[in-house]
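Engineer: Read off the chains here:
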Amino acid sequence: MASPLPSSTSSSFSSLSSAERAGPPDRTIARQAAQWLVKLHDEHVSAADIAACDRWRAVHPEHERAWQRAEAIGGKLAGLPGGVALQSLGRSNRVERRAVLKTILLLMSVPVGYASYRTLPWQQWSADLRTAAGERRTVMLADGSKLILNTSTAVDVRFDSEQRLLHLHAGEIFIETARDPLSKELQTGANRPFIVRTAQGNVRALGTRFVVSAADTHPRLASSTNVTVLEHAVEIRPAVAVERARVIEAGQQIRFTGTTIDAPQAADRYATAWVDGRLIVNAMRLDDFLAQLGRYRSGLLRCDPEVAALRITGAFQLDNTDGILNALPDTLPVAVLFRSRYWVTVIPSPFSS
Amino acid sequence: MAATDSSMQHVQSLYSHHGWLLAWLRRKLGHVSGNAEAADLAQDTFVRIIVAHKREQCGVQSSEQTMQALREPRAYLTTVASRVLFNHYRRLSLEQAYLQALDQLPEIHAPSPEERLLILETLNEIDAMLQALPGQARSAFLLSQLEGMSYADIAVKLNVSLRTVKRYMAQAFEECIMQES
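Chains as they are written, first to last, in the working numbering: chain A, 1 to 353; chain B, 1 to 181.
Bound-form chain A, shown alone (with noise of 0.2 Å):
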């Protein structure tokens, strides 16, 4: 069965001389073509059933095609990596729209807490919430809001009858928002606000539910803080210049300071994927990956110069860095040193030249 290349499902028209040539056969045609492919595909099948199948599909050129058109599909499947396209295409929740629907993401992150939670660790020390290096934590906040913590975060939860706010000092949160309980209570209609305050502003979600992500990311980007909003819609304020604050919208990401935001840019589709434990990059330089695996470990991970402008490509389990580590020098030219569980040195493979 040859295998054809896959070709594009998106609507174009490219796809429509085909489409006209030859649309679906008779229903009566495609029955019996789809029993004969039973009894073809059945491992108890004769050799008269193979002859008769033959003789059925060279009665009438519209057998012939019928069959051809299931034959294209069989080979599209034969193509197909057997146990990911199981998976994807058995999935039992076919549909989530609810899912997708509702939910309202934003995703942030504070590179400065970075340094001010290292030098400063009283600060981690206060938080309501923390998470060590490596760690993710998954908690309900009192409103139904959900709140997840990535590696090495600090959050304060600050509820009162005015609003609902998280003051993040350091790392990377995700929130699912709930609508305020308290409105109904009071019948008043108006939801508290709920608002993620950082060393550069607050930001502020609009609609009935979100997800706030921050984390401490790159030296390189100090002072600032990274949102991204998944679903609906924030606004952000930055601290010092308030009358700047503007609205960012859902599939967008943007970078703020005390004093200025960075023009939007469209989200990164997998700023995400840490919520599942995963790390998710494309063609990224091999000292900004390695930069982002040394969040979820503890100790320093350091990228030889030579070696840092090497483009990595996959989709990483977090939970296991030294394995990710471990298997580097299998896609790349790099040696991996451990001087120690806490000292890690990426190098020029000595066997490449």
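No lab work stands behind these hints: they were computed from the structure.
By construction, the Cβ of each residue, glycine as well, lies at the ideal position given by its N, Cα and C atoms.
Accuracy of the hints is not assured; some may be wrong.
[Claimed, not checked] Not the full set, but computed from the structure, chain A residues with beta-carbon under 10 Å of chain B: (1) Pro24; (2) Ala70; (3) Ile73; (4) Leu77; (5) Pro81; (6) Gly90; (7) Thr138; (8) Asp287.
[Unchecked claim] Below, in silico cross-link-like pairs of lysine-lysine (DSBU-like), each with a Cα-Cα straight-line distance of 35 Å or less: (9) B/Lys28 to A/Lys146; (10) B/Lys54 to B/Lys28; (11) A/Lys39 to B/Lys157; (12) B/Lys28 to A/Lys39.
[To be verified] Distance ranges between label pairs, derived from CB positions: (13) A/Val157 to B/Ala23: 33 to 39 Å; (14) B/Gln104 to A/Thr345: 25 to 31 Å; (15) B/Gln131 to A/Asp276: 21 to 27 Å; (16) A/Ala78 to B/Gln104: 53 to 59 Å; (17) A/Asp54 to B/Lys157: 29 to 35 Å; (18) A/Val59 to B/Lys157: 31 to 37 Å; (19) B/Leu117 to A/Arg341: 34 to 40 Å.
Since the structure of chain A is already known, use the hints to place chain B on it.
Structural biologist: Just chain B now, with coordinates in the frame of chain A:
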């Protein structure tokens, strides 16, 4: 030629509701305001309509839909757009499942971005095709075609009779053959 002209006029008159359709899609998507997603889906909706019109000219489809489109253009647009929207969600859930499946592979076997895209397109095509099938029939078909399982083994796995497995297979093959494109 006359048929083509009037057909294109239908599409053009429908297109005057483009702004309205965009707003409808945004509301359905639950976003606060405009974004590329709604625009893409509106585009897909019109492409579908144009394809349907072309088919009609070839006598593949009845003009029932054209009549509805003329009488109640917005109702017609939402009917088509709902299908586009459903397809969109189906694709999202497929992508999610695909990524989850990829995660379970050792990193070395992770496909390149290009391979990933090609596989996803093929998966999407097949997923759309199997959408109409009952869950058990879909499972039977996938186990047979992807895992190479025998009918007898599938019957045991799904806890149904051999005859039922064959009926499922016939249903699935028929669905494959009757695909629109």
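Engineer: Now tell me, hint by hint, if it's right for this structure.
Structural biologist: Do the hints match the structure? See the list:
1. A least Cβ separation of about 5 Å between proline 24 of chain A and chain B falls short of the 10 Å threshold, and the interface hint therefore holds.
2. Satisfaction of the interface hint for alanine 70 of chain A is found here, the shortest Cβ-Cβ separation to chain B being roughly 5 Å, below the 10 Å cut-off.
3. Evaluation of the isoleucine 73 of chain A hint against chain B yields a held restraint, the C-beta minimum of about 4 Å falling below 10 Å.
4. A cut of 10 Å between beta carbons decides the hint on leucine 77 of chain A: the least distance to chain B is about 5 Å, and the hint holds.
5. About 7 Å separates the beta-carbon of proline 81 of chain A from the nearest beta-carbon of chain B, less than 10 Å, and the hint is met.
6. The interface hint given for glycine 90 of chain A holds, since its Cβ lies 5 Å from the closest Cβ of chain B, which is under the 10 Å cut-off.
7. Nearest Cβ of chain B to the Cβ of threonine 138 of chain A: about 18 Å, over the 10 Å cut. The hint is violated.
8. Taken as an interface hint, aspartate 287 of chain A does not check out: its beta carbon lies about 18 Å from the nearest beta carbon of chain B, beyond 10 Å.
9. For the given pair, lysine 28 of chain B sits about 24 Å from lysine 146 of chain A by alpha-carbon distance, which is consistent with the 35 Å threshold.
10. Between lysine 54 of chain B and lysine 28 of chain B, the direct Cα distance comes to roughly 28 Å. Compliance with the 35 Å bound is thereby established for this hinted pair.
11. Between lysine 39 of chain A and lysine 157 of chain B the alpha-carbon distance is near 20 Å, which keeps this suggested pair within the 35 Å criterion.
12. At most 35 Å may separate the alpha-carbon atoms for a hinted pair to count; lysine 28 of chain B and lysine 39 of chain A exceed this at roughly 45 Å.
13. Here the CB-CB span from valine 157 of chain A to alanine 23 of chain B is close to 37 Å, well matched to the stated 33 to 39 Å.
14. Restraint check, glutamine 104 of chain B to threonine 345 of chain A: a C-beta distance of roughly 30 Å satisfies the suggested window 25 to 31 Å.
15. At roughly 25 Å, the beta-carbon separation of glutamine 131 of chain B and aspartate 276 of chain A lies within the given 21 to 27 Å, and the hint holds.
16. Taking 53 to 59 Å as the suggested C-beta distance range, the pair alanine 78 of chain A and glutamine 104 of chain B does not conform, at roughly 22 Å.
17. Distance hint check: the CB atoms of aspartate 54 of chain A and lysine 157 of chain B are about 31 Å apart, consistent with the given range 29 to 35 Å.
18. A hinted range of 31 to 37 Å for the beta carbons of valine 59 of chain A and lysine 157 of chain B is consistent with their spacing of about 36 Å.
19. Against the hinted window of 34 to 40 Å, the Cβ-Cβ separation of leucine 117 of chain B and arginine 341 of chain A comes to about 38 Å, which satisfies the hint.
Against the hints set out earlier in the document, violations occur for numbers 7, 8, 12, 16.
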